[in-house]
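Undergrad: Quick mapping for you: the protein sequence lines, in order, are chains A and B.
For the first sequence, the UniProt record's numbering begins at 1 and goes up steadily by one.
For the second sequence, the UniProt record's numbering begins at 1 and goes up steadily by one.
Careful, some of the hints might be misleading.
[Stated by the list, open to error] Computed footprint of chain B on chain A, listed as stretches where at least three residues anywhere in the stretch have a Cβ under 8 Å from a Cβ of chain B:
{"no.": "1", "region": "140-154"}
{"no.": "2", "region": "240-249"}
[Stated by the list, open to error] Okay, the calculated beta carbon distance ranges per label pair:
{"no.": "3", "chain 1": "A", "residue 1": "Met36", "chain 2": "B", "residue 2": "Gly331", "range": "51 to 61 Å"}
{"no.": "4", "chain 1": "B", "residue 1": "Glu278", "chain 2": "A", "residue 2": "Val155", "range": "49 to 59 Å"}
{"no.": "5", "chain 1": "B", "residue 1": "Glu278", "chain 2": "A", "residue 2": "Leu44", "range": "30 to 40 Å"}
{"no.": "6", "chain 1": "B", "residue 1": "Trp266", "chain 2": "A", "residue 2": "Arg211", "range": "53 to 63 Å"}
{"no.": "7", "chain 1": "A", "residue 1": "Leu279", "chain 2": "B", "residue 2": "Gly331", "range": "39 to 49 Å"}
{"no.": "8", "chain 1": "B", "residue 1": "Pro268", "chain 2": "A", "residue 2": "Val75", "range": "19 to 29 Å"}
[Stated by the list, open to error] Sample of chain A residues facing chain B (criterion: CB under 8 Å; computed from the structure):
{"no.": "9", "residue": "Gly59"}
{"no.": "10", "residue": "Leu62"}
{"no.": "11", "residue": "Leu236"}
{"no.": "12", "residue": "Tyr252"}
{"no.": "13", "residue": "Thr253"}
{"no.": "14", "residue": "Pro262"}
None of these hints come from the bench; they were simulated from the model.
It should be emphasised that the depicted structure is a prediction, and the values quoted were computed from it without experimental measurement.
Think of the CB as a built atom: it goes at the ideal place given N, C-alpha and C, for glycine as much as any other residue.
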Amino acid sequence: MTTLQARPARSAAAASAPGRSVRTPVVPRIAAMTVMVVFTGYFLFPLWWLLVASSKTRGDVLGTNPLWFADLHLVDNVRDVLTYRDGLFGQWMGNSLLYAGVGAAVATLLASMCGYALAKYQFRGREALFNVVLGGVLVPATALALPLFLIFSAVDLTDTYWSVLLPSIVSPFGVYLSRIYAAASVPDELIEAARLDGAGEIRTFFGVSVRLMVPALVTVYLFQFVAIWNNFFLPLIMLRDERKFPVTFGLYTWNSQVNQIPELNTFVLVGALLSIIPLVVAFLALQRFWRGGLGAGSVK
Amino acid sequence: MKKETPMHQRTRTGTVALLASSLLIGTLAACSTGDDTAAGGADAAACEPSEGTVELSFTSWIPGIETAVETWNEANPDIQVTVQTGPNGNSGTYQNFFNQLEAGNAPDLGQIEYDALPNFRVQDGLEDLSACADVVAAQEQFVDWTWGQVTLGDEESVWAVPQDAGPMALFYRADLFEENGIEVPTTWEEYQAAAEQIRELDGYITNFSQSDVNQFAGFVWQAGGQWFANDADGWSVTLADDASTQVADYWQGLMSDDLVATYPAWTPEWDNAYNSGEVWTWVSAVWGANSIASGAPDTAGKWAVAPMPQWEDGGTAAGNWGGSSTAVFKGTEHLYEATKFALWLNTSEEALTILNEEANIYPATTAGLELPVLKEGVEFYGGQAIYDVFAEASAQVNPDFVWGPTMTQVYTDVSDGFKEAATGQGTLLDALEAAQSSTVEALEAQAIPVKQ
Numbered sequence: 001m002t003t004l005q006a007r008p009a010r011s012a013a014a015a016s017a018p019g020r021s022v023r024t025p026v027v028p029r030i031a032a033m034t035v036m037v038v039f040t041g042y043f044l045f046p047l048w049w050l051l052v053a054s055s056k057t058r059g060d061v062l063g064t065n066p067l068w069f070a071d072l073h074l075v076d077n078v079r080d081v082l083t084y085r086d087g088l089f090g091q092w093m094g095n096s097l098l099y100a101g102v103g104a105a106v107a108t109l110l111a112s113m114c115g116y117a118l119a120k121y122q123f124r125g126r127e128a129l130f131n132v133v134l135g136g137v138l139v140p141a142t143a144l145a146l147p148l149f150l151i152f153s154a155v156d157l158t159d160t161y162w163s164v165l166l167p168s169i170v171s172p173f174g175v176y177l178s179r180i181y182a183a184a185s186v187p188d189e190l191i192e193a194a195r196l197d198g199a200g201e202i203r204t205f206f207g208v209s210v211r212l213m214v215p216a217l218v219t220v221y222l223f224q225f226v227a228i229w230n231n232f233f234l235p236l237i238m239l240r241d242e243r244k245f246p247v248t249f250g251l252y253t254w255n256s257q258v259n260q261i262p263e264l265n266t267f268v269l270v271g272a273l274l275s276i277i278p279l280v281v282a283f284l285a286l287q288r289f290w291r292g293g294l295g296a297g298s299v300k
Numbered sequence: 001m002k003k004e005t006p007m008h009q010r011t012r013t014g015t016v017a018l019l020a021s022s023l024l025i026g027t028l029a030a031c032s033t034g035d036d037t038a039a040g041g042a043d044a045a046a047c048e049p050s051e052g053t054v055e056l057s058f059t060s061w062i063p064g065i066e067t068a069v070e071t072w073n074e075a076n077p078d079i080q081v082t083v084q085t086g087p088n089g090n091s092g093t094y095q096n097f098f099n100q101l102e103a104g105n106a107p108d109l110g111q112i113e114y115d116a117l118p119n120f121r122v123q124d125g126l127e128d129l130s131a132c133a134d135v136v137a138a139q140e141q142f143v144d145w146t147w148g149q150v151t152l153g154d155e156e157s158v159w160a161v162p163q164d165a166g167p168m169a170l171f172y173r174a175d176l177f178e179e180n181g182i183e184v185p186t187t188w189e190e191y192q193a194a195a196e197q198i199r200e201l202d203g204y205i206t207n208f209s210q211s212d213v214n215q216f217a218g219f220v221w222q223a224g225g226q227w228f229a230n231d232a233d234g235w236s237v238t239l240a241d242d243a244s245t246q247v248a249d250y251w252q253g254l255m256s257d258d259l260v261a262t263y264p265a266w267t268p269e270w271d272n273a274y275n276s277g278e279v280w281t282w283v284s285a286v287w288g289a290n291s292i293a294s295g296a297p298d299t300a301g302k303w304a305v306a307p308m309p310q311w312e313d314g315g316t317a318a319g320n321w322g323g324s325s326t327a328v329f330k331g332t333e334h335l336y337e338a339t340k341f342a343l344w345l346n347t348s349e350e351a352l353t354i355l356n357e358e359a360n361i362y363p364a365t366t367a368g369l370e371l372p373v374l375k376e377g378v379e380f381y382g383g384q385a386i387y388d389v390f391a392e393a394s395a396q397v398n399p400d401f402v403w404g405p406t407m408t409q410v411y412t413d414v415s416d417g418f419k420e421a422a423t424g425q426g427t428l429l430d431a432l433e434a435a436q437s438s439t440v441e442a443l444e445a446q447a448i449p450v451k452q
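The following block holds chain B by itself, in its conformation from the complex (with noise of 0.2 Å):
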């Protein structure tokens, strides 16, 4: 899922290269607009309704997403949006924006995961929405942190428009606990306590993937890490900061312990180790519920959801993995009539009911989160009402968590070193150490500011 071949990133770094310039160019511009309201008046002035029918072209990869676009044709004959389709982002679709972009014939709109957001603002692919008073005033209806994806830190401009959200909550085997006496884990200490009895009855407490960087950030981003910043002197990296080394440490103990099984992840085998009750829990994300109903099928009724273990007793922390967003791509003609579509898309109960249906997409508005069918309980979950819990963990989730302009290299530079972690060459820091040095690095081949 998060793969990219060789291919895809020579040609992306061709791309960067001779995007570098326009990054220049399009940071001095955000520099300058910032407090000028002149500028802003110019920009309010695009923002506006055009004459006659508009035409939308909107990508996305999410499957039935047809069946909500035409419930809008259907009710704004004046604005038709057509669907266009791919693969997932990272499969190919983020590479097509890109060559698009250089073509000059970019969709109007595209849906992107918030880790890619700040690769298309860099290379200057983006509409700035906060020139549209709708987009500003829709912030109120996101939860908190979905809205600081999309403004990339710069409380002055909006990227895109929120879609999905994956906070992360602790999914374990009920019945296994509680057969064999063993605490539900509320904290990280607990969590290791309950894995030394789990590994005596010969099961692993879960699964560490070493592909899925995405699962390790969600951890570090609970734990409070950042590991980008971003402001008008550059970026700063610091992936191997406090909070990823407690992290990494953590998990390479549970490694070196043997309480933890590293299969990789969203194979057969790792599905298999769920349903055949090898693998008791699973830290993961709203949609991970999914992910277990169609792997482990055998374990019906027999899983619960409670709160990620906290690295304070008492503490309210949620990580997050996942969510997406849908943003107008730089040199759209209709950008009034994309932000209307794009805020009916992820506001409206209608269209975010169909996406749920459709392709289990979890809301990143508050009343989103109180949709009726997120208000029922799940069979496969023993009747609970797992969504409730997924809903607290998304208002726990910190807010200020940014992701870097090189997301892809950066996930393949760590997963490289988490293999080797796995295999006993090396520790989890040691890959996060590698990481940092080879991400600056990346950064400034590119000619992105870093601070030291």
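Same shape as in the complex, but just chain A (with noise of 0.2 Å):
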């Protein structure tokens, strides 16, 4: 019943796909696609840069063309990455994964029932509650990242891998996100179904409310997810032990080693380019979840 039920989500979203329904006239689709070729081109232009550079030499890079490619050593520079330092790199790109995954997979748990709750439940001082964590999301991390030192180092925490898994499970975003949904996409009725069938609170969360709110879960996943992989300040506030640190700290580590150590130029150049692979493959692999999840409740 309840896979019956997220499945009309997804092909709703197919439904509204751009040009099975509307056909606009030859011109204006040929100027909207020449914009959309022209930003799609601005936006991989470095990535392309990065992918090409990559593959070159120390000396290739400054020489030749920018934007193709010289002698191919991107297998080379790959293996000396990888290699450098006992392996720190790889190091450094299981830290991020850890952080950013195990990180989001918890801030999603705790920000579904938090939005849940705030949905479904009614009890006093709700709307007050909802109405912090809504102020939390106009909070920068960045403004927090300070405090949350002082506070961790009060209880020897600094330095240590809770210092950046804790505060990155919080996600009001998620909590609103969660809300909004939860109201629009999880009936009162199916609740009240399953309380008469003999379900706890607990139960009818995990069986049936999660179920109904996997695009939006997907969604809060994603944006923590990529929230944390690009998190910079508290890793730089927090951590001293390189074996922790993420791979995006690490990567500055580097970059601002260059002067003493100018083979880092190229190491650095090729971890930007590793270090964002983990990211297209989340987004390749949960985008279609997200788009679920963002038009849900726009045609009702």
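Take the two lone chains, each set in its own frame, and fit them into one complex as the hints suggest.
TA: Right under this line is the structure:
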């Protein structure tokens, strides 16, 4: 029953895909295509440059056409980065996956439970609580890094995995999105039915409601994953042991040492290329759920 | 490398405001312990060996520093050091130090560049190492001016152990100078004449980087300028003193006559200008040897090094660009062990050799300048034993140059003005004069006493 419920959301998204129902005249279509091609090129340009530059030797990066390949050294370069200093880069990638993967999963779980509770339960102070959470959306994570550092120092938790993981599992935006989505997509009648069948509140949540909220959860997960992956200031302030660095901060550290170790120039480039692969994979794998999530509730 | 985001600056200003009061207390304390033998005795007691195994934490961003620390740990089971790391000082680690000091969990030891030491001193973040007899006795091992950098103009105190130095010299394309029959300049006047000849050949004699105020400071240092001075009455600021004016006018002239290139330093264009032979010389520090070798690989074997041009015919003054120290942070429980490690790291041939091999660190000790690796000819420079030139320069650096406590702000303000000068709005001297007044304001805003 629940799988049947989840499907319409997806096929609804497919039905509203462009080109199916509305036919636009040729000239505007060409104009629109041109604009899109130009912007696609604009956005892909840095990626292209990164790919080309990563495939070159140090000398060639400076001396040859920046937008086309010279002698191909991509494999050598990648191997060099992965073996430099006992595989430090691999460790960083692993750390980033841990921080972003686990952090985003826990954040999504907490946010969905919180959002669901705010949407489906009546209790005193509900709106006040929600408004406080919503206020949290407005506070930039960067502004919280320093106070967090002082708090974590007081309990001796700086320079630990926890110091980056714990703040990452907070997602006010996720709570907001979960509440809106739960209100729109989880019918009260269904919850009533589950209760009548003898399910407890927790079982109802995980057995029924979560399945209906999947598009929202994927969206929250993706947002949080990217936010943690790109979070730079928190690790900068919290971490001292380079074996615990996430990849963004590690690459920044290398980049600041280029004056002393010029080989790092190439490593930073190749490392940057490798570091975006998980993000690309996450987007490609999850975007169809995400699209479904964003469209939900817009035509009702 | 020298850039800070506005965010960092803002948080730093906040930290500074919080610590402004501790500055006054710190200054008073420093005054009262000056000649007081009783207080001196109390200090000496603080530099006693601890019992049992001691664990020290040390933050440094030198690549490969772990190798040196492992060597130490193997030889000293009673004093185990763990390395912490991060980006280079101005890119975040200094800010982290200030945060950690405020949170009360600063490491025992940290790497601090000479120009940042006064900032930590003014905010009372450093232990005075003069309490340790070994440190005081080590003075004679160091090149004079590097010791001056860690006493901060106060003979009674020692705020860090010098680590490395950046004496300056002239890197030049020996092949191009010879082919075109141009004499290698020994004075700044000849340098300008050579610049004109080179410009006719469609090249530039050098690149004047608007963002690297440190290089300019090195020129001022050579010319005998003094940007800051500090005594009991407070700080004096003279960013536009006679020497600075002379240097600013000189480079302004070269820039206005299009005799120097103005690429931003350390960028691909900059590398390329050197690699393609468009730019012929670079007056830079000892570590610049590596920058050229890596940035301009096609020119291998064509470079040579000579002493930097002089203001007076036959003069022997050198500037300095860069260099850092190992400091002990306020609140350490193991001052004695920390200084023991710092001295080993920066004076033993073992450690200095490792640091030189791993990270091209150029030592601050006189014995270090004689390291076997620094006596060899360098292939990239046509087999010339280039470090001999730098060893000589190191002895010629004016020992009295003092950095101010707000160098990040000074660098930002000066380089803003320099960038305008490069586009023809205003001059280098205008930039210095503007930075002079903004620096005085910055000091006053932090309740640091300024002498007008």
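Undergrad: Tell me, which hint numbers fail for this structure?
TA: Of the numbered hints, all hold.
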